[in-house]
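S.K.: Turn these sequences into a full structure, and let the hints guide you.
Chains P and W supply the protein sequences, listed in that same order.
Per my numbering, the first sequence runs over residues 13 to 339.
Per my numbering, the second sequence runs over residues 3 to 226.
Derived by calculation from the structure, the hints in this document are not laboratory data.
Even for Gly, the Cβ is constructed at its ideal location relative to N, Cα and C.
In silico contact screen, one side only, chain P against chain W (beta carbon under 10 Å); selected entries:
| hint | residue |
| --- | --- |
| 1 | 20 |
| 2 | 108 |
| 3 | 115 |
Covered, in the sense of this in silico footprint (three residues per stretch, anywhere, with C-beta under 8 Å from a C-beta of chain P), are these stretches of chain W:
| hint | segment |
| --- | --- |
| 4 | 92 to 105 |
| 5 | 130 to 143 |
Examples of chain P residues toward chain W, derived with CB under 8 Å:
| hint | residue |
| --- | --- |
| 6 | 18 |
| 7 | 47 |
| 8 | 60 |
| 9 | 61 |
| 10 | 63 |
| 11 | 65 |
| 12 | 67 |
| 13 | 110 |
| 14 | 116 |
| 15 | 117 |
| 16 | 212 |
| 17 | 219 |
The lines below spell out each chain.
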Amino acid sequence: MHIPHGVLSPTTAIVTEVLGAAGLGAGLWALRGKERDRTTARMGMTGAFLFAAQMVNFQLYPLPISGHLLGGVLASVILGPWAGSVVIAAVLIVQCLLFGDGGLDALGANFINMGLIGSVVGRAIYAPLRRAIGGRRGVLLASMAAAWVTVILGATAFAIEFAASGHFQEFVPVLGWMLLVHAGIGVGEALITGGIVRFVLLSRPELLDDETTAAEAAQTPVRRHLQAAVAGLAVACAVAIFLAPFASRFDDGLEWVGQKTGLIEEKPSPIRAPIPDYEFPGVPRYATAAAGLVGTLVVFGVGMALARVFARPIEAAVKEGTPSHAT
Amino acid sequence: MRLKLAFSGGGDRDEGPLDRLDERALIAFAFGYVILVLATPIGAWRPLAIEAIALAFVAGFAGVSARSLWDRRSGFIITFAFFSIMAATAHPSRRELGLAAVAASLLAKNTLALSAIVALVEIVPFHAILAALARSHAPKMLLSTLMFMDRYIYVLTDELDRMRKARTARTFRGSGRLDYAILTSLLGVLLLRAWERGDRVHAAMAARGWDGVIRTLDRSGKNL
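M.R.: Here it is as structure tokens:
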């Protein structure tokens, strides 16, 4: 999911860098005055942990894809939205410089797709859901749902950035392919996030009830409603994205907008390419919708199964649920 | 589960004349070079060739081996080649230049930009980059997160590898298909250990008067 060097057009790169820098600035502003706190050490450690965790590949059986943890939602659940996004920014910077993964011009876009959407939007989905479900089940199910939705939104953000880099007519097919692949990656992200959150809840639950949760409990009702509104909007967007290929005029509508704004210069000729084999292949519309539905069902079903451990008395749950420490 | 670990930087390299320059200048130079390469139009082979020769000259002058540049590049070349062909099918300049030329220039631009970054990290180690950023008043919170990462990435990846070896030595091996439960609890243990380590380190730092500002006894300014 890391966009490499030279994929985005200069304009898109500059716009996303500015937006990403603004988001990072907002995160750092929210954390001002905490430089001396334990938060700093924890943020650095979480960053190093995410870096190490991303080297573990998970096979998305039965699909021929292997994925790894992205960690936006995980960082946000354990550290809070803004600290989580700063951690993701640090991970992306280290990966870009030390690892050669992701482009310098795409740092902003990568940060928007994984850091801001993963941590900040992810937290907005997580917080109201957790309140609605309540208890440890709420923490687990809400973090899994947030992981699933944010991966889909991140993939959509990439499709938009790619389309804005001079690939307007390919928006719908690219979005279709991205969704198909990221439905699998999103399920994997939800399962890994859920597994880690469940482990932490079983062995050190107090870590998740830290200052960030206390701060949230003291939130004003207005902020709470705002958060719920963002969550609703994000979930509605995710549903709409999966149903988008069914809206038959959508394709033309985007082209119309492109022509009006001057981003597409001429009407595409009826014969679109000299060699049709090289056309960007579209995805059958039922495939994306089915992927969305199956993904949601899998995340929900596995989430419920994982959360069963919290429905029983805690002593029995700990005895049965805590895996032996692999040391 | 497999672990792959290949970092840039820190290789055996003879000190070159560029090591005497200010790191901030080198960083600005490398970033400027990346921007220049990325701004070069598709199919402009002559400027790209000049940029490639310039990079090769500077890297050679600084004593960066071609091998270290290639090692980093090779990990991503297949995925990016595939990606550039895909992007080229839909590229606006495809009609005039043809698919192969567009894909090749996308690949060339990506390679040059990536090599410049790799060369920068070979010449200026990551901690020196952080020190240079600290001197340029980069945000403290981001810097200290990066500093912690620079210090503990190696520790935690080692720890993960030890835990993985311990597990394979003591328990059975699964089919490797559905080992989510094992892998996520492995990561869960690692997360808890990382946090405990973080709290310990923070307590030790606080006992020595940590106030959020990174200080160093090294007068050269090259280290954090």
